[in-house]
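S.K.: Once you have looked at the hints, place chain B on chain A.
Protein chains in written order, with our numbering: chain A, 1 to 97; chain B, 1 to 395.
Possibly wrong hints are sitting among the right ones.
No farther apart than 30 Å at their CA atoms in a straight line, the calculated lysine-lysine pairs in the DSBU-like style are these [as the list claims (entries may be wrong)]: (1) B:K260 with B:K306; (2) B:K45 with A:K45; (3) B:K200 with B:K183; (4) A:K45 with B:K57; (5) B:K169 with B:K183; (6) B:K251 with B:K306.
Calculated from the structure, these hints are not laboratory results.
Spelled out, the chains give:
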Amino acid sequence: MKKRTEGLSVPERVSACFDLPIETAVGITRVTIAGNHRVHVENHKGIAEYGDQHIVIHGSRQDIVICGRDLRLRSMSNYELVILGNVQTLELKPDGR
Amino acid sequence: MRVRIEGDGEACLNLCTQLNLRFSDVRRLDAYTVEMSMQYPNYRKLHALHDGRFSLKIVRGWGTPFLLRRIKRRWGLFAGGLFCLVIVWCSSFYIWELEVSGNETVSQGEILRALDELGVEIGTNRLLVNQEYLSNEMLQKIPELSWFALNISGSRAVAQVQECEAEPKMLDALLPTSVYAEKSGVLTKVTVLNGTGLFKVGDAVSEGEILVSGRMDSLSTGARYVHSIAEIYAETQYDLEAEIPLETVTKSYTGANREKYALILGDARLNLCFMGRNQTGSYDKITTINKLRLWDGTALPIGLVKETYQAYEPICAAVDPEAAEKLLQERLAQQLEREIGEGGEIRSASFHALTEEGLLRVQMHAVCVEEIGVEREMTTKELAEAKQENQTKEE
Numbered sequence: 001m002k003k004r005t006e007g008l009s010v011p012e013r014v015s016a017c018f019d020l021p022i023e024t025a026v027g028i029t030r031v032t033i034a035g036n037h038r039v040h041v042e043n044h045k046g047i048a049e050y051g052d053q054h055i056v057i058h059g060s061r062q063d064i065v066i067c068g069r070d071l072r073l074r075s076m077s078n079y080e081l082v083i084l085g086n087v088q089t090l091e092l093k094p095d096g097r
Numbered sequence: 001m002r003v004r005i006e007g008d009g010e011a012c013l014n015l016c017t018q019l020n021l022r023f024s025d026v027r028r029l030d031a032y033t034v035e036m037s038m039q040y041p042n043y044r045k046l047h048a049l050h051d052g053r054f055s056l057k058i059v060r061g062w063g064t065p066f067l068l069r070r071i072k073r074r075w076g077l078f079a080g081g082l083f084c085l086v087i088v089w090c091s092s093f094y095i096w097e098l099e100v101s102g103n104e105t106v107s108q109g110e111i112l113r114a115l116d117e118l119g120v121e122i123g124t125n126r127l128l129v130n131q132e133y134l135s136n137e138m139l140q141k142i143p144e145l146s147w148f149a150l151n152i153s154g155s156r157a158v159a160q161v162q163e164c165e166a167e168p169k170m171l172d173a174l175l176p177t178s179v180y181a182e183k184s185g186v187l188t189k190v191t192v193l194n195g196t197g198l199f200k201v202g203d204a205v206s207e208g209e210i211l212v213s214g215r216m217d218s219l220s221t222g223a224r225y226v227h228s229i230a231e232i233y234a235e236t237q238y239d240l241e242a243e244i245p246l247e248t249v250t251k252s253y254t255g256a257n258r259e260k261y262a263l264i265l266g267d268a269r270l271n272l273c274f275m276g277r278n279q280t281g282s283y284d285k286i287t288t289i290n291k292l293r294l295w296d297g298t299a300l301p302i303g304l305v306k307e308t309y310q311a312y313e314p315i316c317a318a319v320d321p322e323a324a325e326k327l328l329q330e331r332l333a334q335q336l337e338r339e340i341g342e343g344g345e346i347r348s349a350s351f352h353a354l355t356e357e358g359l360l361r362v363q364m365h366a367v368c369v370e371e372i373g374v375e376r377e378m379t380t381k382e383l384a385e386a387k388q389e390n391q392t393k394e395e
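Chain A with its partners taken away, still in its complex shape (with noise of 0.2 Å):
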């Protein structure tokens, strides 16, 4: 039987131990989408692709990508991203960089 813990960075399993929420843990990425029309993305790097029918957004350890139409950055900070649009499909892909 594979450990809980496996494949976690320190972080992440510290959290685990203390049985915390991993998101909690320093440096995750955290997505929240509500209904299918807005994106919020909390501890991005940054915009890797923008156009109105997908944007790329890179993630800690994974770049999300986000499909849908009418797709539009509503406001963004170092932290934080909100994207509004009608959104399809949202993916998680390894990091490209």
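M.R.: Using the frame of chain A, we list chain B on its own:
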């Protein structure tokens, strides 16, 4: 402002976040062009720090810097704005609104006329108004005033006045007077404090009869004349009548409204509508004057007059007889209350309505109790007669 990014748009967005420059409404126009909105200071920072991966271009700008840049060669606009400011500043030294407060018996027109004669009117320079002189002159011009002050705030002047209190009527105790009946009736209360009472309770008196004589006879000194004082109440009867036509003319608005505008510049009026000056037919005219004011309420000598003409056609309409009768009864009751005065009392009242020749007539019969005694100075004839009588007695 709206900024167009040509080249690596994503790199520009990431640079903005690194520099903590706020932006919004990012839209991709084509594969190489992105547009976004940001403030001008942020654009300047971004423009100073951006590398060769993308180029920036202002597409559209709003706000003062862009407005000034657009009009910087138009000297006429600046000169016009400056001229307007100077005009507004200069106009604040003049009185453009004059009001009167505190007057009750003295009319507003009388006060304004007196002020006009002393040189204070619309358009007077407020720096030239001598308050002390004005106050003294106004009190001399209008003796009914006991206090006057002209409060000037910006271009608005308020003439505050206080009127003299009416002198109480002095009772001349030495003046011989009689009390006579003001109205006919049957006496219900006779209280004579001074003088000789000629009637008692239950007597019927007619209008003009002397109720209390100022002459008092004495065995030792003969006749003497006093100031009669008495409280005389009597039961009086009233027959009042009022009428109203059963058809009345009312206004039927046709909906054809016309509006005219005029500009007021100081005392001058400039009509902005030159067509159709002569309004024909029946119409109501409603005039609204909007004066231009500064943010602090200072009135400017500029105003816009709006005149609305509401056309109507006079039509005959029938009056509800019941409502008309009630209205007439109320009118008659009010008339009766005015006639009997404050101390009077209505004992009974009855109404009778009849319709004649398109008129509704209401008759009122009322029985009241009221004071009917009124003082009157004894005439020289009465005094001479009494004097002669005394002389005859002495002889």
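S.K.: Evaluate each hint against the coordinates.
M.R.: Evaluated hints:
1. B:K260 with B:K306: holds (6 Å)
2. B:K45 with A:K45: The given pair, whose Cα atoms are some 22 Å apart, holds under the 30 Å limit.
3. B:K200 with B:K183: holds (16 Å)
4. A:K45 with B:K57: holds (26 Å)
5. B:K169 with B:K183: Between B:K169 and B:K183 the Cα gap is close to 24 Å, so the pair holds against 30 Å.
6. B:K251 with B:K306: Status holds; Cα separation ~22 Å.
Checked against the numbered hints above, the structure breaks none of them.
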